[in-house]
Each structure stands twice: as C-alpha cells, then as structure tokens.
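Kindly produce the complete structure, drawing on both the sequences and the hints.
2 protein chains.
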Amino acid sequence: MTTVGHLATPALVVHGATLDHNLAAMAAALPGSRCRPHVKAHKTTALARRQQAHGHRNFTCATPLEVVGMARAGLGEDLLLANEVVEPSRLRAIAQLDARITIAVDSPATITAAADAGLHECMVDVNVGLPRCGCAPEDAGALAEQARSRELEVRGVMGYEGHVVGLPDRAERVRQTEECMALLVRAHGAVGGPVVSAGGTGTFDINRVATEIQAGSYALMDSAYGELDLPFRRALSVLATVVSTNRRDGYAVADCGLKALGMDHGNPTIDGATVWFCSDEHVTFSCDGMLPKVGDRIQVWPAHVDPTIAYHEHLHVVDDDQVVEVWPVDLRGW
Amino acid sequence: MTTVGHLATPALVVHGATLDHNLAAMAAALPGSRCRPHVKAHKTTALARRQQAHGHRNFTCATPLEVVGMARAGLGEDLLLANEVVEPSRLRAIAQLDARITIAVDSPATITAAADAGLHECMVDVNVGLPRCGCAPEDAGALAEQARSRELEVRGVMGYEGHVVGLPDRAERVRQTEECMALLVRAHGAVGGPVVSAGGTGTFDINRVATEIQAGSYALMDSAYGELDLPFRRALSVLATVVSTNRRDGYAVADCGLKALGMDHGNPTIDGATVWFCSDEHVTFSCDGMLPKVGDRIQVWPAHVDPTIAYHEHLHVVDDDQVVEVWPVDLRGW
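Heads up: the sequence lines are chains A and B, in that order. Read in order, the letters of the first sequence correspond to residues 1 to 334 in the numbering used here. Read in order, the letters of the second sequence correspond to residues 1 to 334 in the numbering used here.
Hints are not guaranteed to be accurate.
For chains that are exact copies, the list does not tell them apart, and a pair is met inside one copy or across any two.
Claimed, not checked - Only pairs whose alpha carbons sit at most 20 Å apart, straight line, appear in this in silico EDC-like list of lysine to aspartate or glutamate:
1) K293 x E179
2) K293 x D249
3) K293 x D271
4) K293 x D116
5) K293 x D20
6) K293 x E87
7) K293 x D139
8) K293 x E227
9) K293 x D319
10) K293 x D78
11) K293 x D98
12) K293 x D229
13) K293 x E153
14) K293 x E325
Hints were generated in silico from the structure; no laboratory data involved.
Okay, structure coming up:
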C-alpha cells in the first residue's frame, strides 16, 4: 500500500476512522433490519460489506446495475430496488439473480413490467410529498390488489420524505416527517404487508413510523448534510494537488473540478479557504492564511456525495497518512 | 445495430447529422491547424477521429490520461496538454509515448516537473484574465528562458479567455477578447515561438490573434452554449425513459438524474416541457401539452456537455431512429 502523498489526484479519500464512527453510530441507533442502507450513496460493494459487518444485512438500491452488483458480491440477502424500472431486459436480469429482490411499483405499468420479467416481490411506492415517483396514497390499495393479481408478493409500502430530510430546523423536520408518514400509514392500511420503508439520513432518528430507514449518506456524509445536527461526520474528501498559484491576486488552483465533483448542491468546501469557482478540471480558491505551494496536497469536501462518487473508479481508505484499502466503485452506472 | 427505442436508459445520444454539420462548419471556418480541437469536451477517440477526418490533426487535452488515450489511438501527431501537471509518474507516462507532446507550464515548479519527466516541448501558459492557471504576462519571458535552460523547446504561448467565451453579447465578447489577447501578444513578444494558442467555441471566429483555436464544445454543444449566436447546433442529448407520472399534480419523472448530467450550469432542458428539478436518478418535469406515459422515451438536453459525458461509458450515434455507431468514452479519468 501507499501513502496519501503518493496518490495520483484527483482521488477520492475515505477517512477510515470517521467511516467506522458513522457506521457504528447508525448500527447503535438502528440495529439490524431497522436500517436498510442505500448503496446509491457510495456505489461500492466493499463499503456495503462494511455496513453488513455492522449488522445491516438488507440493502436499498437505486438502479438495476446496483442490484446485480450487490447480488454478485454475495450481498443479496434482501435487496430493495427503491425505484421504478420498466425496461424488460434489465428487469429480467435482476429477476434471474440468486438473491431476494423486491422492487418498487407505483403504477399499473410498473406492476406489469415487474410481473412480466418474473420478479416475485414488490413494495407499493407512495408519494408522501416529494414531487417524484410514488402513487397517490388513495391509489395504493388498488395497486397492491393489482400486484397480487399478478402473483407479486406485496411486502408493504415505501415512501421517501426527500423534501424533508435536508431541512435545517429539526423541529420543522419532525413536523413535516409526521405529515408525510401520516400519508404513508394511510396507504399502508390499504396495502398491508409487514414493511413500511422510508426515511433518510436526515430523518433517521425522527421517522418513527418506518419499520426500516433507507439511509445512505450517513456513511460518508457531505457538506450539505454536514450542516444538520446529525451524529455523523464527513468521511469523504477529494484529494487534490495544487497546480498553480497567483500570489498577486491571492488565489491558488488545484486539480479537482467539475468532473470530480457532483455540483448540484453547489461548490465544494476547503478548510481554511474560500472556493471561488470550479471549472472542468480545476477549483480556484483563496486562503485565510498563506497560499499553498504548487505540488501541495489539499482536501476538497464535496457538497453532495452521491454524484461525486459516481464520477470515480476507486475509494481510497486512509488511516492518517496511510492508504489501507482501495475499494473499486463497482456499482457505477445503471 | 439497434434502434433508439431499444437503448437502455439513461443513454447518451449523438445526433450524427448535427455532429457532422458542426464539424464541417468548424473545418470551413478554421481549417487544418487553425483549430486544435479540445478532446476534454467529448473524451472519445472515435469522435476525435471524426474531427481528424475534417482536417484537424492537432488536438488539445486536459488530462494526462487523455494524452495517453489519444496517442494510443494513433492520434498523437501533435497533442497539447493545456493544463499544469506536476505528478512525476503521469508526466513520465506521457513522455514515453510515441507521440508529439507539448505541455503547458506557468511556474518554475511546472517547468521542473516537465523537464525532469523527460518531456521535450512546452508552451508558456499566460493568465489573460480568467482566475485559473497561467502566469502573469510580465513573467512569461523569464519562464520561457527557464524552460529553455532545461532544454525544453518553447513553442509559444497559450492563454484561455474562458471568462469571455460565454458572454451573450457578441460585441462585448469581441471587446473583451481583444483585451485578453493584448495581454497574450505582449507575453508572446517576450516568449517567442510560432504558436499562439487560445480561444474556445464562443470566440472561434472572434479571436484573430490566436494561430490556433482550442475549441471543444462546438462538436456537441449544450444548452448553455446554445444560447449564443453560433453556427453550431446541439448534437448531444440524454435519452431517458418516463418511469412515473402524476396527472393530478401535472408532472412526469424520467430516469435521467444527477449521475447522468453535469449540473454546474443548472438544470437540463426538455423540449416542450419545464424541468422542475433533478435528483440522483430522476428528472421531474411538467409539459406544455399532454404528459407522456410511463415507458415513453424523451430527450434531455444537458446544460453543460463536458461534465455530462464524463459520467458515461458510451456515446450512441444515431441517424433518425437507428443507432449507427457506439463509441466508447475511452478518455474518461485523469
């Protein structure tokens, strides 16, 4: 293994002790099946295996490829594809896996596609306020009936309060989560089944209705989630090399740009510095103290972890200055 | 080959006739060595080969990996790495290629790194106003001297007016380009050498100082560049499948999200529709007319082409409904 100083940049760095802290904190709060970690956040079976070692054996996926990769890695004990998919070839591919697969359905078309592909289990995805997938709560019962008529086992309902998980004020998060879950409970009454799957990192200890929480970001965190009052810490940064400095105008440039960072939540942050802007291969920043020198390494903290990791091939797990493991981001793509 | 209707989504689609129009328009305006196409925009050697067929034999790269890939694809006649790199292993890797490599330098450290790695040619990168890489114009001569003392051939100067290329008002683009190029001309006077490399798609016919224009986006374009008065047309979209609809609230959801789109220039666009927001795997949108049905295909036009392509593995070249070629995005990474 190598040291951090010898990594080619830009490189994703996972701070191993912080990751372990986050995984342990979640396992203590929501042990075993109470948490169904979402692999979309990290797209890495080695990290999922670490989550499994903390007692979480059921996982959430966002794409068929994530399901395939998790099953092939031996992590297919109970996989929820928490997303609507209608593509026959991809659905058949996951139906043929040696794994327990449950798929989200929210319409007659998605039920037909799942049944035609030979899938056996589903959850009815209910819209609880986020304008995205999910049926109207009042339609959930009829969809469950349709699914059962196609010989799909209906395990229950799922509903993601994605518009609530990032609210900075905890009391407001509590209030709105209750509103969302009231809708989900109503739908669950009509659907039946043992599972109510919901929640995310921002509501992991707020959502008391869900039988399982679909949290993903808690493992690695990001600066957007880092602003909330959560017991999880930022464990992922992008290691970058300073490639140019301008002492007259007081800025430096490092090799971590738009192709190394998810930008939908805005600019990344750099400790002790102000980020001016990112371009394809660069971040330009000024410093509170002395500017770094060309060749110096810096840590860039992404604003949003999921689309950041999706650009990269590897996670480098570090312990102080040592790279102790290199994990392939093996669930990239769809 | 398959039809567009059978592609698994999200999938990058290159509209072949439009691409050909764009390449021909650039080749007519700036034939041969007058344009040094920037491969960072598409990261695809098959597309570079198409540019070469239009007479452009010299290329610009942003990362060492792009240089390696271009050289291995037989496109290494004259490659400019228009970026500062100090990593010894990556510099040695490109120095050993059977290709003509020129590297940008803007500091003593970058000159030392290039010379130590065994590179033979450089251009002095001059800051012409964009707060990114490039030396102060008044330092260019001394850097050229230092490079020559390390037995680097100095081919000339480069300077990118990146803060000007996207200005919507053409007269303002003309005026500011002149200001930038006055700085570059002054530096060139002190540096010498036959090459003045500058410009981009937004100034391709405005910058009359550069001996070669480093345009990249013109080939595929995007909605940001599409707002300017340029003779190039949008040739790249992301094909997506509608996976959910909500007729009560009047929106639909398709499977093209933050991991399929560069988001730094904001939301993508959909013809005849209003994009509400993107999340990791979804775009939510309303329509001017009827909502589409689950399973329908739509075209999503990215706001910024470069970081969009960097998420994907393939470009699918289409002619009407037929996929006529599939090009690997083989220059991904660093």
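To see whether the hints hold, each was checked on the structure:
no.	hint	verdict
1	K293 x E179	neither (52 Å within a copy, 29 Å between copies)
2	K293 x D249	within (15 Å within a copy, 54 Å between copies)
3	K293 x D271	within (16 Å within a copy, 47 Å between copies)
4	K293 x D116	between (60 Å within a copy, 18 Å between copies)
5	K293 x D20	neither (33 Å within a copy, 44 Å between copies)
6	K293 x E87	between (51 Å within a copy, 14 Å between copies)
7	K293 x D139	between (61 Å within a copy, 17 Å between copies)
8	K293 x E227	neither (30 Å within a copy, 39 Å between copies)
9	K293 x D319	neither (24 Å within a copy, 50 Å between copies)
10	K293 x D78	neither (50 Å within a copy, 31 Å between copies)
11	K293 x D98	neither (53 Å within a copy, 32 Å between copies)
12	K293 x D229	neither (35 Å within a copy, 41 Å between copies)
13	K293 x E153	neither (61 Å within a copy, 25 Å between copies)
14	K293 x E325	neither (28 Å within a copy, 46 Å between copies)
The structure is inconsistent with the numbered hints 1, 5, 8, 9, 10, 11, 12, 13, 14, although it conforms to all the rest.
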